[in-house]
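Guided by the hints, dock chain L onto chain G, whose structure is given.
Just so you know, the sequences run in chain order G and L. The numbering used here applies: residue 4 is where the first sequence begins, and numbers increase by one. The numbering used here applies: residue 561 is where the second sequence begins, and numbers increase by one.
Among these hints, one or two may not hold up.
As the list claims (entries may be wrong) - Result set (DSSO-like, lysine-lysine): computed pairs, CA atoms no more than 27 angstroms apart in a straight line: (1) L/K627 to G/K49; (2) G/K49 to L/K691; (3) G/K97 to L/K830; (4) G/K49 to L/K914; (5) L/K830 to L/K716; (6) L/K691 to L/K726.
To be verified - From the structure, some residues in chain G lie toward chain L, with a derived Cβ separation under 8 angstroms: (7) G13; (8) R15; (9) T35; (10) H63; (11) R66.
Just so you know, these hints were derived from the structure itself, not from any lab. C-beta atoms are modelled at their ideal positions from N, C-alpha and C, and glycine is treated no differently.
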Amino acid sequence: MLLIECPHCGPREQTEFTCGGEGHIVRPDPDTATDAEWGHYLFMRKNPKGLHFERWFHAHGCRQWFHAARSTVTHEIFAIYGIDEPPPAIDPSKAGSQ
Amino acid sequence: MAKMKYSIFSLLRQARDYHRGWPKAWRSPDPKPSYDVIIIGGGGHGLATAYYLAKEHGITNVAVLEKGWLGGGNTGRNTTIVRSNYLWDESAHLYEHSLKLFEGLSQDLNYNIMFSQRGVINLAHNEHDLKELTRRGHACRLNGIDYEMISAEQIKQIAPIINISKNIRYPVLGGSIQRRAGNARHDAVAWGYARRADEYGIDIIQNCEVTGIDIENGRVTGVQTTRGPIKARKVGAVPAGHASVVGRMAGLTLPVESHPLQAMVSEPIKPVLDTVIMSNTVHVYISQSDKGELVLGAGIDPYLSYAQRGSLDVIEHQLEALCDLYPIVKRLRIMRTWGGIVDTCPDASPIISKTPIEGLYMNCGWGTGGFKATPGSGWVFAHTIAQDRPHRLNEAFDLKRFESGFLIDEHGAAAVAH
Numbered sequence: 004m005l006l007i008e009c010p011h012c013g014p015r016e017q018t019e020f021t022c023g024g025e026g027h028i029v030r031p032d033p034d035t036a037t038d039a040e041w042g043h044y045l046f047m048r049k050n051p052k053g054l055h056f057e058r059w060f061h062a063h064g065c066r067q068w069f070h071a072a073r074s075t076v077t078h079e080i081f082a083i084y085g086i087d088e089p090p091p092a093i094d095p096s097k098a099g100s101q
Numbered sequence: 561m562a563k564m565k566y567s568i569f570s571l572l573r574q575a576r577d578y579h580r581g582w583p584k585a586w587r588s589p590d591p592k593p594s595y596d597v598i599i600i601g602g603g604g605h606g607l608a609t610a611y612y613l614a615k616e617h618g619i620t621n622v623a624v625l626e627k628g629w630l631g632g633g634n635t636g637r638n639t640t641i642v643r644s645n646y647l648w649d650e651s652a653h654l655y656e657h658s659l660k661l662f663e664g665l666s667q668d669l670n671y672n673i674m675f676s677q678r679g680v681i682n683l684a685h686n687e688h689d690l691k692e693l694t695r696r697g698h699a700c701r702l703n704g705i706d707y708e709m710i711s712a713e714q715i716k717q718i719a720p721i722i723n724i725s726k727n728i729r730y731p732v733l734g735g736s737i738q739r740r741a742g743n744a745r746h747d748a749v750a751w752g753y754a755r756r757a758d759e760y761g762i763d764i765i766q767n768c769e770v771t772g773i774d775i776e777n778g779r780v781t782g783v784q785t786t787r788g789p790i791k792a793r794k795v796g797a798v799p800a801g802h803a804s805v806v807g808r809m810a811g812l813t814l815p816v817e818s819h820p821l822q823a824m825v826s827e828p829i830k831p832v833l834d835t836v837i838m839s840n841t842v843h844v845y846i847s848q849s850d851k852g853e854l855v856l857g858a859g860i861d862p863y864l865s866y867a868q869r870g871s872l873d874v875i876e877h878q879l880e881a882l883c884d885l886y887p888i889v890k891r892l893r894i895m896r897t898w899g900g901i902v903d904t905c906p907d908a909s910p911i912i913s914k915t916p917i918e919g920l921y922m923n924c925g926w927g928t929g930g931f932k933a934t935p936g937s938g939w940v941f942a943h944t945i946a947q948d949r950p951h952r953l954n955e956a957f958d959l960k961r962f963e964s965g966f967l968i969d970e971h972g973a974a975a976v977a978h
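Okay, chain G solo, but in the shape it has when bound (with noise of 0.2 angstroms):
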């Protein structure tokens, strides 16, 4: 199981948080976006093995969003950041990425 650095709450393990998954998708503008874009935005995923942006939700705490940068790989998590906060700089290789 994962130790999650709440931004608000402090470490806490991770069954008291809901993951939501990849981070950072934009949502086109329904009104102008083709099928393939839409499709795009609700179900690809990157899914990358190794360093990998994404949500998660402290569900049974404060109830906020933040964002995780975690490595697929080994679990370890690089940095712990806000919900509205661009991803910050991590090497790729010291995720393990391929």
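Coordinates of chain L only, in the frame set by chain G:
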């Protein structure tokens, strides 16, 4: 290469010689410079694809490239359940085709895959479960798939160890049974396909990881591997948990996400259960192996991972439900737990499809339930590769459905319980 035919007579002959004369079941060839078809991934689905390419389509200049060892991924890590009680026509036809292939597979492969049609029971713990199972039953029967609703008392008759008391947190209100469903020996399925594919002259190359896919003018020309470049006219990728990694080599983004899925076995006990019982609501599924171990499956971890291990809280959650439903297991010890990486799709249905790159085909997204589909998946994928167009059974499982919106939502029939 003429192979020894496995039979009671070959067994007796070998027993007379203290089993020293068994030949190798397949060769370990070095890769040739080029092939007609390369299959990426030597799990059950990849090996089945190679076998049906040879058997059904006469294509034998084929290599199966496996980065580890045969069937060492999800093929050897699942809970071996085979069933076809799916809701939508598309899935029902595909999984039923697979179940029918399973029924004749030991004879077809001349390899005992220990297919045991012991029945699969799905439990209902609330009003919604009963309605969902009933609806699915109607759909199954319209598709010619055997399916019966049964009462809690009938379930108790089939499986006396189950607790049908009204006083547990999620009481058993009834359920469904597919009597033709059951178990098969998962390793034997991979080994049986490998042996027969090898017999057709197909090269099975283990410890050979694909590191790149060569594409020229929108057409696949070969692959880069840890054992050097290999040319190919067509490439079929069956990479399971690593679907996105392989897809990215060809510039494809896929709608799959990789999660750990865990399973475990208890210490072996005397026979107590001769069927398979699954519960989607409390996330537990149980059967008993021939060795006596209770084979138990858990759910997926919520986060992405390629680490082939999961968290203990998922196991705890599942074992709590198990102890409630089957009180006799409370003092049993768990002998082994393990995890595999499953490639989950948004609609809980697989992708068996051509891709925008000519000569490149993807078979992925099986998520938590690929084992039961092994023969059918290989059969339709071989057709798709050989004919360069999908078979009627898999045309709905196209990658384009994520643009068109024609999803095949099987979350009810698939859930996590496989």
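(request) Go through the numbered hints given earlier and state which of them the structure violates, listing their numbers in rising order. (result) 2, 3, 7, 8, 9, 10, 11
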